[in-house]
Amino acid sequence: MNKSELSTHSVKPSRQSKTLFAAIWRKRYIYLLLLPGLAYFAIFKYIPIYGVQLAFKKYAVNLGITGSPWIGFSNFNLLFIDGDFWIAVRNTLIIAYMQILICFPIPIVLAVLLNEIRQRKFKRTVQTIYTFPHFLSWVIVSGMVLNMLSTNGAINNLLAVLNFDRVQFLTDKRIFRWLLVFLQAWKESGWNCIMYLAAITSIDPTLYEAATIDGANRWHRMRYITWPGISMIVVVTLIMRMGSIMDAGFEQIINIYNPAVYEVSDIIDTYVFRITFQRPANFGLSAAVGLFKGITNCVLLLTTNWICVRLSGTGIL
Amino acid sequence: MKKKQIVLRTLILVMATVFVLVGCTTSATEPSASDRQPETPPQESKVSTEATAPAEAAYEEKVTISHNITDAEKQVDNALYTYFSEKFNVEMQYIPMQFGERHEKARIWASSGDLPDLLWMDLNENIFSEWCGWVDSGLFAPVPSDLKAWPEIANLFDSMIGDELFTRNGDCYALACMRDMSSQDFTVCMNIVYRADWAEKLGMRKPDDVYTWNEFMDLIKACIEQDPGENGAGKTFGISAPQWYFPDMLGIYQTNTYEWGFEEPFFIVIDGQYVWYPTTDEYMTGLKIAKQLYDDGIIWPDNVVDTNSTMYQDLYYAGQMTAMCQHATIANLRSGRDRMAEGFPDLNREDMYQIAKVSSPLDDKFFWQKQSPCYWSANSISAKTSDAQRERILDMWNWLLTDEGMRFRMYGLEGTDYTLNADGSVELLWEKNANGVYIDPYPGARGFYGRPVLNDAEYALLNVSIPEADRIDGNKSWVWDWENAHIGKVDYNMLYASTPNKDTLGMFVSEVKAKAIELLINSTQDSIEADWKAWTESMMPKVQLVLDDLNNLDFIPSSYEDLIAHMSGED
Numbered sequence: 001m002n003k004s005e006l007s008t009h010s011v012k013p014s015r016q017s018k019t020l021f022a023a024i025w026r027k028r029y030i031y032l033l034l035l036p037g038l039a040y041f042a043i044f045k046y047i048p049i050y051g052v053q054l055a056f057k058k059y060a061v062n063l064g065i066t067g068s069p070w071i072g073f074s075n076f077n078l079l080f081i082d083g084d085f086w087i088a089v090r091n092t093l094i095i096a097y098m099q100i101l102i103c104f105p106i107p108i109v110l111a112v113l114l115n116e117i118r119q120r121k122f123k124r125t126v127q128t129i130y131t132f133p134h135f136l137s138w139v140i141v142s143g144m145v146l147n148m149l150s151t152n153g154a155i156n157n158l159l160a161v162l163n164f165d166r167v168q169f170l171t172d173k174r175i176f177r178w179l180l181v182f183l184q185a186w187k188e189s190g191w192n193c194i195m196y197l198a199a200i201t202s203i204d205p206t207l208y209e210a211a212t213i214d215g216a217n218r219w220h221r222m223r224y225i226t227w228p229g230i231s232m233i234v235v236v237t238l239i240m241r242m243g244s245i246m247d248a249g250f251e252q253i254i255n256i257y258n259p260a261v262y263e264v265s266d267i268i269d270t271y272v273f274r275i276t277f278q279r280p281a282n283f284g285l286s287a288a289v290g291l292f293k294g295i296t297n298c299v300l301l302l303t304t305n306w307i308c309v310r311l312s313g314t315g316i317l
Numbered sequence: 001m002k003k004k005q006i007v008l009r010t011l012i013l014v015m016a017t018v019f020v021l022v023g024c025t026t027s028a029t030e031p032s033a034s035d036r037q038p039e040t041p042p043q044e045s046k047v048s049t050e051a052t053a054p055a056e057a058a059y060e061e062k063v064t065i066s067h068n069i070t071d072a073e074k075q076v077d078n079a080l081y082t083y084f085s086e087k088f089n090v091e092m093q094y095i096p097m098q099f100g101e102r103h104e105k106a107r108i109w110a111s112s113g114d115l116p117d118l119l120w121m122d123l124n125e126n127i128f129s130e131w132c133g134w135v136d137s138g139l140f141a142p143v144p145s146d147l148k149a150w151p152e153i154a155n156l157f158d159s160m161i162g163d164e165l166f167t168r169n170g171d172c173y174a175l176a177c178m179r180d181m182s183s184q185d186f187t188v189c190m191n192i193v194y195r196a197d198w199a200e201k202l203g204m205r206k207p208d209d210v211y212t213w214n215e216f217m218d219l220i221k222a223c224i225e226q227d228p229g230e231n232g233a234g235k236t237f238g239i240s241a242p243q244w245y246f247p248d249m250l251g252i253y254q255t256n257t258y259e260w261g262f263e264e265p266f267f268i269v270i271d272g273q274y275v276w277y278p279t280t281d282e283y284m285t286g287l288k289i290a291k292q293l294y295d296d297g298i299i300w301p302d303n304v305v306d307t308n309s310t311m312y313q314d315l316y317y318a319g320q321m322t323a324m325c326q327h328a329t330i331a332n333l334r335s336g337r338d339r340m341a342e343g344f345p346d347l348n349r350e351d352m353y354q355i356a357k358v359s360s361p362l363d364d365k366f367f368w369q370k371q372s373p374c375y376w377s378a379n380s381i382s383a384k385t386s387d388a389q390r391e392r393i394l395d396m397w398n399w400l401l402t403d404e405g406m407r408f409r410m411y412g413l414e415g416t417d418y419t420l421n422a423d424g425s426v427e428l429l430w431e432k433n434a435n436g437v438y439i440d441p442y443p444g445a446r447g448f449y450g451r452p453v454l455n456d457a458e459y460a461l462l463n464v465s466i467p468e469a470d471r472i473d474g475n476k477s478w479v480w481d482w483e484n485a486h487i488g489k490v491d492y493n494m495l496y497a498s499t500p501n502k503d504t505l506g507m508f509v510s511e512v513k514a515k516a517i518e519l520l521i522n523s524t525q526d527s528i529e530a531d532w533k534a535w536t537e538s539m540m541p542k543v544q545l546v547l548d549d550l551n552n553l554d555f556i557p558s559s560y561e562d563l564i565a566h567m568s569g570e571d
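First to last, the protein sequences are chains A and B. For the first sequence, my numbering gives the first residue as 1, with consecutive numbering after it. For the second sequence, my numbering gives the first residue as 1, with consecutive numbering after it.
Worth flagging that the hints you see were computed from the coordinates, not collected in a lab. You may find that some hints are simply not true.
[Said to hold, decoys possible] For lysine-lysine, the following BS3-like pairs were computed, each having C-alpha atoms within a straight-line distance of at most 25 Å:
(1) K105/B <-> K58/A
(2) K357/B <-> K201/B
(3) K58/A <-> K542/B
(4) K293/A <-> K542/B
(5) K105/B <-> K45/A
(6) K173/A <-> K533/B
(7) K173/A <-> K288/B
Predicted model only: the values in this text are computed from it and were never measured.
Looking at chain A on its own, in the form it has when it is part of the complex (with noise of 0.2 Å):
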């Protein structure tokens, strides 16, 4: 290695970090942008790491989370031998698949038809029709269903002038998850759809004037334009929404659920939510509980991720 090497060896690195610093410093505004959302995500999301070790602790409130006396695994083990925890494991996959299955197609589908609109005051306001119940809360929606859809409610009413016998929308076991399924596809389609409406905008026009003169219809476009121009995108949101899979809509259960259909709907949340607050709180428990729930997330990601890749070559790691 001669002198020159060394030199541009050692000066390199030191140029490039230069570099690198005054381009953040030339756009430090931007830059402080990000502050707020790196606090967010460090006060909120990694600092509370440090609780998970209280799933291996018998919490004492005098102790703290350090200094709480460790019990290995006897949490898990209590947990385990409790069969509402299987029975809410069991409900948070259904649901969440049910969602998967139904909610996460119906967003896209919109998307390319609303695009397929040519008025564009029509398809404002059809956009903002579908995108205005994101803003309810459950709370307003909960109550909304109750009175339509209780027993005495405005479509059993409807159902009994009509002659139907009346149905027992919210405590039928049957019905309550295809119920949930249909809330959540109401209330958020129009609003998840906003992703891949600007996935669309953002494919190149041309390509669909050259294959208008080509001779491709319609269904040609979206299926050989369209559909390669939002794939990645629907990817990557497929593997986010596989991620927090065992998030199966605390929200929206917690608001609307009943003891009557607690065995088809009582989810991984809404099992934490009754151990700790509806009996002596065992913040041990809880937060094994909440250990179980980040792995099985993290290994359902990481699985659906592999898939991804290997089938379509695409995936976010």
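Assemble chain B onto chain A, guided by the hints.
Leaving out everything else, chain B in the frame of chain A:
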């Protein structure tokens, strides 16, 4: 121009960050006890060793006392608060909370070392063992053992067993909100209120409103079918209940003939051993009866979805419900009747909201009622309070228990809200509404003043602001139960036992209720017994852990008398 924009944006960002940080700090309205007061270990407190002059002495030093309370905004800015704060030279800093979050808030405060100076909690069996842990961790100051300076508190403790429950390592750590029903052994007023005017209209009303089970259910069926309220087809319903009594009050309570009762299906002693009540034949019988009521349309079908216990009353007050399970205290009678009178001013106020006595479905002569724990809630003093704060709390507590304090709490200010006659009777100066009922000038503003004792039965009888008819009917019902009903007793031994598995797993109350409701709706008469047994068996791995703990306790009561003797150290 560009520079200005950058500066402006930076400013906005900085301000937003500052606001967020400020928002995260303790606010002025939610004071931290530790910020204001010097830390004094409980054992060094003068209060615990020396008695000082009670309330009537002038207070030179102004103290601030923080206290968690619902309807916090209604507690200040009124004449009651002005009088009280001047009398005791105290500034109450009320920390707002919702009733439903009382346990969560207490846990957060205890864990973060930010307890109010005087922590209110209902201290029921769900949080009792945690509270014991907080006491053992030194979070609370003990109530002085020598209560000579606070004789009213001493008298209250003497008449109850609450102080024994809250005593740990020889010291009492809670000022309990006692129930005022010690003379009748804390018998409560869990009853069914119903539309006696509808029964009258259908010619089915019974003398003194005493019914057999079948008579009452037939009445409900007749009301649903014949619509005496003229609501229209399908718009009159049967009977409803709040979630805490659903479905238990609709057949399950009334088939419990054991000595032990209480509101929930807990563990009871049979032949010297604790058993899980849901596994008994009696519980199964009760569940089947409730199921029959549901199938017959007598139970309001939407009761199960009324998880916040709001709608069950609304339909009654709207004139669409025939009956509802209710804690029929004198105060509730008054408020219920007032609401009915507002909606239906032309109908008889009392008959629209009358108490029915309904027998057990098993025996026309057997009536059921229950005892409640001797206290309703409790208040613990933070160990971080100063001697002056503790003394002031006890002084206020003591005064609120005097006759003068009770009048202040019930009526308000002497001379303004009432006058005291020479014979000790009270003349109320409140305005009356069109129905001749007094209008409360301080609605919702008495939260703190009602802390020492629940104005439930005996005190309410004396409360002249309540219409006389309500007091007479409430008292009649109370005495009737005491004389005629089987009273299910509270097993304090089981309820407040702290064992490793019970503290972790609880007593399965919510699980039992949820499953009972589920089967009520989704099971059939033929399958309910098998379904229930299958479920209780599936629960046994967990339940057995708690049962083993309970059956290994040093003491298992053979009777209620045995229990009381044990608690008072007489055995």
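So, going through the hints one by one against the coordinates:
1. K105/B <-> K58/A: Roughly 21 Å between the alpha carbons, so the hint for K105/B and K58/A holds.
2. K357/B <-> K201/B: The hint holds at about 19 Å.
3. K58/A <-> K542/B: 19 Å, holds
4. K293/A <-> K542/B: 22 Å, holds
5. K105/B <-> K45/A: 22 Å, holds
6. K173/A <-> K533/B: Judged against 25 Å, a Cα distance of about 20 Å means the pair holds.
7. K173/A <-> K288/B: 20 Å, holds
This entry satisfies every hint, going by the numbered hints stated previously.
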